[in-house]
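A.B. asks: Here's the letter readout for the chains.
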Amino acid sequence: MSTLKVAGLRATIAANGADVLRGVDLEINSGEVHALMGPNGSGKSTLSHTLMGSAEYEVQGGSVTLDGEELLGLPTYQRAARGLFVAMQYPVEIPGVRLADFLEAALTGAGRSTDDLDARLAAEAERLGVADRFLRRGVNVEFSGGEQKRLETLQLAVLAPKFAILDEIDSGLDVDALRDVSRRVEAMTQERGLGVLAITHYARLLTELRPDRVHVLMGGRVVASGGPELAEQLERTGYEGLAAELGVEETIAPASVPDDPFADPGF
Amino acid sequence: MTSTAFTPDAARALGGPAWLSDRRVAAAEQLAALEWPTSSEEIWRYSRVDDFDLERYRPADAETLGPPGDERAPGGGPLAAEAGERAALVVVRDGRVVHSDLDEALERKGVRVCGIATCEESEVRGWLGVCSDASPDAFTVLHDAFLAGGAFVHVPAGVVIDQPIVVLHWAEGDGLASFPHTLVVADENSEVTVVDRFSSSAKHHLVDAVVELHVAQAARVRYLSIQDHAPTTWHVALQRAHVARDASLRSSAVALGGDYARLRSESLLSGVGAESDLLAVYYGDHGQMLDFRTLQDHAAPNTRSDLLFKGAVEDRARSVYSGLIHIREAAQKSVAFQTNRNLVLTEGAGAESIPNLVIEANDVKCSHASTVGPIDEDQLYYLESRGVSPEDAERLIVLGFFDDVFDRLPVPSLVRTLRHAVSEKLGRLHA
Numbered sequence: 001m002s003t004l005k006v007a008g009l010r011a012t013i014a015a016n017g018a019d020v021l022r023g024v025d026l027e028i029n030s031g032e033v034h035a036l037m038g039p040n041g042s043g044k045s046t047l048s049h050t051l052m053g054s055a056e057y058e059v060q061g062g063s064v065t066l067d068g069e070e071l072l073g074l075p076t077y078q079r080a081a082r083g084l085f086v087a088m089q090y091p092v093e094i095p096g097v098r099l100a101d102f103l104e105a106a107l108t109g110a111g112r113s114t115d116d117l118d119a120r121l122a123a124e125a126e127r128l129g130v131a132d133r134f135l136r137r138g139v140n141v142e143f144s145g146g147e148q149k150r151l152e153t154l155q156l157a158v159l160a161p162k163f164a165i166l167d168e169i170d171s172g173l174d175v176d177a178l179r180d181v182s183r184r185v186e187a188m189t190q191e192r193g194l195g196v197l198a199i200t201h202y203a204r205l206l207t208e209l210r211p212d213r214v215h216v217l218m219g220g221r222v223v224a225s226g227g228p229e230l231a232e233q234l235e236r237t238g239y240e241g242l243a244a245e246l247g248v249e250e251t252i253a254p255a256s257v258p259d260d261p262f263a264d265p266g267f
Numbered sequence: 001m002t003s004t005a006f007t008p009d010a011a012r013a014l015g016g017p018a019w020l021s022d023r024r025v026a027a028a029e030q031l032a033a034l035e036w037p038t039s040s041e042e043i044w045r046y047s048r049v050d051d052f053d054l055e056r057y058r059p060a061d062a063e064t065l066g067p068p069g070d071e072r073a074p075g076g077g078p079l080a081a082e083a084g085e086r087a088a089l090v091v092v093r094d095g096r097v098v099h100s101d102l103d104e105a106l107e108r109k110g111v112r113v114c115g116i117a118t119c120e121e122s123e124v125r126g127w128l129g130v131c132s133d134a135s136p137d138a139f140t141v142l143h144d145a146f147l148a149g150g151a152f153v154h155v156p157a158g159v160v161i162d163q164p165i166v167v168l169h170w171a172e173g174d175g176l177a178s179f180p181h182t183l184v185v186a187d188e189n190s191e192v193t194v195v196d197r198f199s200s201s202a203k204h205h206l207v208d209a210v211v212e213l214h215v216a217q218a219a220r221v222r223y224l225s226i227q228d229h230a231p232t233t234w235h236v237a238l239q240r241a242h243v244a245r246d247a248s249l250r251s252s253a254v255a256l257g258g259d260y261a262r263l264r265s266e267s268l269l270s271g272v273g274a275e276s277d278l279l280a281v282y283y284g285d286h287g288q289m290l291d292f293r294t295l296q297d298h299a300a301p302n303t304r305s306d307l308l309f310k311g312a313v314e315d316r317a318r319s320v321y322s323g324l325i326h327i328r329e330a331a332q333k334s335v336a337f338q339t340n341r342n343l344v345l346t347e348g349a350g351a352e353s354i355p356n357l358v359i360e361a362n363d364v365k366c367s368h369a370s371t372v373g374p375i376d377e378d379q380l381y382y383l384e385s386r387g388v389s390p391e392d393a394e395r396l397i398v399l400g401f402f403d404d405v406f407d408r409l410p411v412p413s414l415v416r417t418l419r420h421a422v423s424e425k426l427g428r429l430h431a
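These protein sequence lines are chains A and B, in that order. Mapping to our numbering: the first sequence position 207 is 207, numbers consecutive. Mapping to our numbering: the second sequence position 91 is 91, numbers consecutive.
Bear in mind the hints are in silico, worked out from the structure with no lab data behind them. All C-beta atoms, glycine included, are put in the ideal place defined by N, C-alpha and C. Careful, some of the hints might be misleading.
Said to hold, decoys possible - Listed below are several chain B residues computed to face chain A (Cβ distance under 10 Å; list not exhaustive):
hint, residue
1, GLU29
2, ASP70
3, TYR381
4, ASP392
5, LEU399
6, GLY400
7, PHE402
8, PHE406
Turn these sequences into a full structure, and let the hints guide you.
C.D. replies: Below is the structure:
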């Protein structure tokens with residue numbers, strides 16, 4: 001049984017100092033599925049990449065612990081080695097670098113076995129409906145949105161982390177792909193106790209990936225937490241409606257939206 | 001240009017057949033009046049030619065080189081073991097052929113693989129210099145003046161050679177200048193793969209090389225040059241191909257070594273339907289400069305050329321890519337592409353990329369692309385998020401960057417070794 005605990009996490013965008021996360025608290029245990037919902041600009045993606053240690057964000061305070069060990073301050077690859085994984089919303093194309101090449105480097109670097117890596121990849125590919133050719137070319141190169149997300153899920157399955165953050169894994173997915181990906185993630189939560197933080201804009205994902213807990217992120221804070229009924233409430237009221245009910249004034253972190261060069265200057 | 005060592009007398013003294021000696025002396029007599037190039041000329045822009053001092057070198061004498069045809073490296077010497085499977089092997093030391101062998105079955109088919117200084121005059125003389133004379137510069141004149149030998153490969157019409165013909169150019173004399181030459185003649189509808197490997201011992205040495213590729217009608221030539229000189233060697237080479245009607249050239253270069261190493265690679269598409277692919281991988285480290293000047297010269301209709309040069313530099317290394325697609329008025333319906341991509345791995349390293357087009361025909365398809373930049377941070381982050389260390393991530397991305405060129409190299413059996421050589425250089429980046 002493992003616990004990922006985020007406490008009072010504050011972070012800014014390194015490039016412009018925008019204050020995006022303003023005290024996020026979350027606690028996820030092995031085998032649990034948590035959904036984190038929020039409008040565009042609320043800080044959802046910032047949270048996933050701050051947890052993973054992206055240089056694009058600067059931590060200003062708080063802590064992130066995995067079974068009591070502080071992750072903040074560790075380089076990204078060591079966070080991964082401790083058991084954290086982010087399925088990216090926009091997986092980057094890396095020409096000439098095949099899945100097996102870097103997964104082997106990752107597993108070897110963490111002192112784990114690569115003995116049956118090819119067989120594991122082939123088995124997972126079959127299970128996720130990933131054609132063999134996607135394993136043989138540069139990762140994500142000219143993949144469709146659906147293919148990218150299946151490949152992210154495949155890597156999640158092979159790396160078998162303790163906790164997975166799924167950053168808008170439902171974006172760009174058709175219904176079939178969404179179902180395949182959700183079934184695979186669900187199986188991992190049940191079979192090996194994977195803890196999941198599923199970040200999404202839409203309730204659609206949550207009908208496939210049934211969450212134990214739902215959190216709403218607005219203005220860089222978790223403003224509401226509850227059971228699956230919270231997602232249903234959001235469906236009815238929308239983010240604006242929920243914000244009004246909760247008395248939340250800023251639904252997005254104010255400086256995270258770039259200045260609009262075409263805005264009326266007001267004179 | 002005045003030189004105390006590179007005189008007509010020194011050129012004459014190298015021995016060999018009278019026709020070759022006379023050819024040398026004629027070139028040597030031009031040297032005194034020759035203006036040495038400077039970096040103010042466009043073709044030498046960004047180069048290190050201003051640092052060049054011929055006085056630091058001397059030509060080999062006949063005694064050092066040994067007589068032409070003398071088998072000084074029986075069996076090809078220690079390098080032969082690395083040459084892999086081949087149809088023929090020529091070993092050239094300091095510009096003189098010291099070993100040559102050829103598969104007997106091919107010899108019976110009329111294939112010729114021999115030294116330029118020892119072949120029958122009637123076989124080689126008419127071909128020597130035909131390509132390089134069409135694009136001379138000061139270094140080719142110097143080359144002609146001290147050309148002691150080199151490899152001659154002639155494939156008769158219709159003969160297909162499956163295994164590569166390997167030429168090992170080894171430079172070892174301290175303070176010497178040597179003048180390796182590879183002359184390939186592929187007759188009509190023949191097919192051949194030639195590998196030139198240029199290497200040197202850790203001495204001050206100037207390698208002034210010329211490679212000529214004659215690709216006759218409907219012939220198919222695949223060519224790979226590997227340059228892995230010691231870091232004290234200066235290498236200045238011209239490679240020029242003449243590609244006839246319906247013929248194809250697939251030329252590739254892997255440049256890893258040398259202090260200043262320059263390759264001018266030109267392909268003239270002289271016949272209708274001729275095509276050429278020019279590929280290169282280069283990796284510079286320490287204080288190296290790797291310098292490439294390319295020309296895709298379309299002189300006939302319906303010709304096609306493609307160029308893909310990819311390089312990486314680290315430390316204080318510099319690279320230059322300057323390439324021209326020239327589509328002449330007669331070359332209607334031609335297609336030409338040119339792509340140069342560079343990774344600058346550390347601060348202090350630098351890459352210049354200057355693609356150019358000159359189009360004189362009005363119905364052609366042409367494009368060029370060039371990039372210079374560091375490794376993409378998003379790619380690094382992606383791999384690191386999977387648990388790959390930053391060092392491994394960088395190595396994987398750089399090797400992956402070169403992959404599409406490696407995949408197209410004409411001798412697949414050498415790709416593993418070459419990829420490993422790049423990987424070794426990368427390993428030193430973090431050492």
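A.B. asks: For each hint, tell me whether it holds in the structure or not.
C.D. replies: Hint by hint, here is what the structure shows:
no., hint, result
1, GLU29, "violated, 51 Å"
2, ASP70, "violated, 46 Å"
3, TYR381, "holds, 6 Å"
4, ASP392, "holds, 4 Å"
5, LEU399, "holds, 7 Å"
6, GLY400, "holds, 3 Å"
7, PHE402, "holds, 7 Å"
8, PHE406, "holds, 8 Å"
Of the numbered hints stated above, those contradicted by the structure are hints 1, 2, listed in ascending order.
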